[in-house]
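Chain by chain, the residues:
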Amino acid sequence: MSDRKWIIAGIIVFVALVAFPFWFNLGKAAPAPELKLTERAKTANDGKCVMPTEYMRAEHMQLLDLWRHSVVRNAKRTFVNTSGKEFNMSLSNTCLDCHSNKADFCDKCHEYASVRPYCWDCHIDNPKETE
Amino acid sequence: MENSRRRFLKLAGISALGLTTKPVFNAFAVEHGENPEVTVKRGGDALQAKQWAMVIDTRKLETSEDLEPIIEACHHAHNVPELSDKRHEIKWIWEEHYHHAFPNKAQKFMDERIEHLPFLVLCNHCENPPCCRACPTKATFKRESDGIVLMDFHRCIGCRFCMAACPYGSRSFNFRDPRPFIKEQNKEFPTRMRGVVEKCNFCAERLAVGKMPACVEVSDGAIAFGDLYDPDSEVRELLRTNYTIRRKQSLGTEPSVYYIV
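Residue numbers (our numbering), protein chains in the order written: chain A, 1 to 131; chain B, 1001 to 1261.
No false leads were mixed into what you were given.
Derived contacts from chain B toward chain A, CB cut-off under 10 Å, selection only: (1) 1040; (2) 1042; (3) 1044; (4) 1179; (5) 1185; (6) 1187; (7) 1194; (8) 1209.
To be clear, the hints were calculated from the coordinates, so they are not data collected in a lab.
Note that CB positions come from ideal geometry on N, CA and C, so glycine has one too.
Isolated chain A (complex conformation) (with noise of 0.2 Å):
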């Protein structure tokens, strides 16, 4: 018991070595990133996306998992969603037809959640783009 002061010592340093990156960057969190759209996205479809905005801000990985498995592997090329609209299965050409700013629309986000995509190292971004 004599050592008590020091293993109490202890972990009062150890404790604040292990949360050191939390107090340390209290309160300096980065604002979460807000989206561009373009005017061909607030307008085309009613400014409706191929899926709610909910749901592609949510799940438009997924989405896009099951279009290239689909286009790709069963041949199936034109998706319908829930109130019946077609749409081509397509990164650059039906996705980035509308949101063609790639770099304030995907990146921004991919950016701020870390995750870092490689479709664009073979999907070319901005097809319709004219310098």
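For this one, chain A is given, so just place chain B on it according to the hints.
Okay, now just chain B, sitting in the frame of chain A:
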């Protein structure tokens, strides 16, 4: 038992606690729930066949100049890079000498026309493709719906087993990032990345919108394309009325590209 009342209360407490986990499970269930009511389907214009096949009339393709626009059209449509180093070369459709294209049909003394004729060669979209059996990730597969041997570049791990398995040399490996070597990008078709294998896809993306393959379109009638199992198709008509040969037929891969010689 003496403490049965105490035990009962304990169990009841734990059970009540257990009930509170339900909302948590619900939340998880929602997050990974099924897709809402959506469907996928084939486009209305899509061309369909049991097994796509090609008949190349070499009588109409006599010189390298005849082949060039065909190769160019394909390579432009699919963003095939042009690498000058032969070891890094990427090719979907290319010119080959008879002795290399048909090694087991080469004679000691040959018809002079055939011997010097440039042959247009590409992936044969075999009915029994050895590449698909070699692929450990099923990145290359024979599409059940129309018999095209396709690549799923997302899945390719670049092991090159398929290249070793293919008896026709139809596959190329991206040793380098191909993007800087694409002369003029076709923005509607993706490029590839370093470390994947690629090959001819019988223009699956064009068939899906009702167009003939790019090479067929620019060949000016020298290349016919159609369903091998439709007795009334153009290719079957040509096969009925002409003597045709296939590459390395004895291997049993059943190539779907026929040559009228």
